[in-house]
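A.B. asks: Given only the sequences and the hints, what does the whole structure look like? Please build it.
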Amino acid sequence: MTPRFHLVGDGALSVEWPLTNQANRLARALAEDLTARALPGVQECVPALRSLLIRFDPQTLDPEGLERDISLRLQGLETAAGKTGRLIRIPVCFDADLAPDLAGLAKAKGITRQEAIARLTGASYTALFMGFLPGFAYLDGLPPELSLPRLATPRTLVPAGSLALADGMCAVYPLQSPGGWHLLGRTPLKLFDPEQADPFLLQAGDQISFFAIRRAEFEGGR
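Residue 1 is where the sequence shown starts when you use the numbering used here, and the numbers rise one by one after that.
For the record, the hints were derived by calculation from the structure and aren't laboratory data.
Since the structure is predicted, the reported quantities are computational estimates derived from the model, not experimental observations.
Warning: the hint list may mix true and false statements.
Think about it this way: if two alpha-carbon atoms lie no more than 20 Å apart in a straight line, the pair counts; the simulated SDA-like pairs of lysine to any residue are [to be verified]:
hint	residue 1	residue 2
1	Lys107	Pro143
2	Lys190	Leu98
3	Lys190	Ser177
4	Lys107	Ala118
5	Lys109	Pro144
6	Lys190	Leu133
7	Lys109	Pro149
8	Lys190	Glu217
9	Lys190	Lys107
10	Lys190	Arg214
11	Lys190	Pro134
12	Lys190	Gly221
13	Lys107	Arg89
14	Lys109	Leu146
15	Lys190	Arg89
Pair ranges (Cβ atoms, derived) [to be verified]:
hint	residue 1	residue 2	range
16	Glu67	Asp97	49 to 55 Å
17	Ala103	Arg214	16 to 22 Å
18	Gly122	Met1	30 to 36 Å
19	Asp167	Arg214	26 to 32 Å
20	Arg215	Glu195	22 to 28 Å
21	Asp193	Thr2	36 to 42 Å
22	Leu19	Asp95	21 to 27 Å
23	Asp10	Ser209	38 to 44 Å
24	Arg215	Thr112	33 to 39 Å
25	Asp193	Leu87	18 to 24 Å
26	Glu67	Gly168	30 to 36 Å
27	Ala216	Asp69	49 to 55 Å
Ideal placement from N, C-alpha and C gives every residue a C-beta, glycine not left out.
C.D. replies: Here is the structure:
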């Protein structure tokens, strides 16, 4: 696929593809390539759903030269775009007080709570991109039959570690914050820990699965 290039101010270039499954894989593959084979003047690469934002030093790089380099790199990335990231399993407690919207999801879909949990934990998810909060990964792979629109009225407070879904995607809130997604459980893991050398548990391209744990395991893992 041929991308479109857009200047964002005088120090950033956006590379944008048509909205397809391949677009996100290409954005991630290009970001990885620019990290592995550093181009002098490139300061940061931020992949999104179907685009990549490249911050660069305009005193070192000119936009036309950067576009030429990107176009050449993309010629060799079509096969690399299928590469998968790390495999990460995330424990989740589905007790009712930690999963306030799980019963509503099950009722709306005509299934039991246990069936909803089985479908959530039986799926494999891919982190498409990061956004909204530090460590917040937008996860693709939610079973289509579990999809629900966002809440009509967002909550003013969502606890950190909440497993949530909305509009065909899944996510785990890394920090306490407002939010409009349906809350289905909670993990004791820290998805964002600024005290660590690498503060982010997840990154774009990771393959993620969830597994159920009991309340004692949840409390012990916090």
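A.B. asks: With reference to the structure, classify each hint as holding or not holding.
C.D. replies: Tested hints:
1. Under the criterion of a C-alpha separation no larger than 20 Å, the hint pairing Lys107 with Pro143 is consistent with the structure, at around 16 Å.
2. Between the alpha carbons of Lys190 and Leu98 the distance comes to roughly 16 Å, so the proposed pair stays at or under 20 Å and holds.
3. Annotation: proposed proximity of Lys190 to Ser177 holds, straight-line Cα distance about 14 Å (limit 20 Å).
4. Using a Cα cut-off of 20 Å, the hinted pair Lys107 and Ala118 holds, with the two alpha carbons roughly 15 Å apart.
5. With a C-alpha separation of about 11 Å, the suggested pairing of Lys109 with Pro144 holds against the 20 Å cut-off.
6. With a C-alpha separation of about 13 Å, the suggested pairing of Lys190 with Leu133 holds against the 20 Å cut-off.
7. Between the alpha carbons of Lys109 and Pro149 the distance comes to roughly 13 Å, so the proposed pair stays at or under 20 Å and holds.
8. A threshold of 20 Å between alpha carbons decides the hint, and for Lys190 with Glu217 the separation of about 15 Å falls inside it, so the pair holds.
9. Taken as a hint, the Lys190 and Lys107 pair is broken in the structure, with Cα atoms around 30 Å apart against an allowance of 20 Å.
10. Taken as a hint, the Lys190 and Arg214 pair is honoured in the structure, with Cα atoms around 18 Å apart against an allowance of 20 Å.
11. Among the hinted pairs, Lys190 with Pro134 is consistent with the structure: their alpha-carbon atoms are about 11 Å apart, no more than 20 Å.
12. Proximity of Lys190 to Gly221 is assessed by CA-CA distance (about 10 Å); at most 20 Å being required, the pair is judged to hold.
13. Proximity of Lys107 to Arg89 is assessed by CA-CA distance (about 27 Å); at most 20 Å being required, the pair is judged violated.
14. About 7 Å separates the Cα atoms of Lys109 and Leu146, which keeps this hinted pair within 20 Å; it holds.
15. Between Lys190 and Arg89 the CA atoms are separated by roughly 13 Å; this keeps the pair inside 20 Å, and the hint holds.
16. Between Glu67 and Asp97 the beta carbon distance is about 53 Å. The supplied range of 49 to 55 Å therefore holds.
17. Checked against the hint of 16 to 22 Å, the pair Ala103 and Arg214 passes, with Cβ atoms roughly 19 Å apart.
18. Between Gly122 and Met1 the CB atoms are about 32 Å apart, so this pair conforms to the stated range of 30 to 36 Å.
19. The hint said 26 to 32 Å for the Cβ distance between Asp167 and Arg214, and at roughly 30 Å that hint holds.
20. Distance hint check for Arg215 and Glu195: the Cβ-Cβ separation is about 26 Å, which falls inside the suggested range of 22 to 28 Å.
21. Take Asp193 and Thr2: their Cβ atoms lie about 40 Å apart, and the range 36 to 42 Å holds.
22. Distance hint check for Leu19 and Asp95: the Cβ-Cβ separation is about 38 Å, which falls outside the suggested range of 21 to 27 Å.
23. A beta carbon spacing of about 43 Å between Asp10 and Ser209 agrees with the range 38 to 44 Å that was offered as a hint.
24. One distance hint, 33 to 39 Å for the beta-carbon pair Arg215 and Thr112, is violated here, with the actual separation near 20 Å.
25. Range check, Asp193 to Leu87: about 20 Å between beta-carbon atoms, so the 18 to 24 Å window is met.
26. Distance hint check: the CB atoms of Glu67 and Gly168 are about 33 Å apart, consistent with the given range 30 to 36 Å.
27. At about 54 Å, the beta-carbon gap between Ala216 and Asp69 stays in the expected band of 49 to 55 Å.
Checked against the numbered hints listed earlier, the structure breaks hints 9, 13, 22 and 24; every other hint is satisfied.
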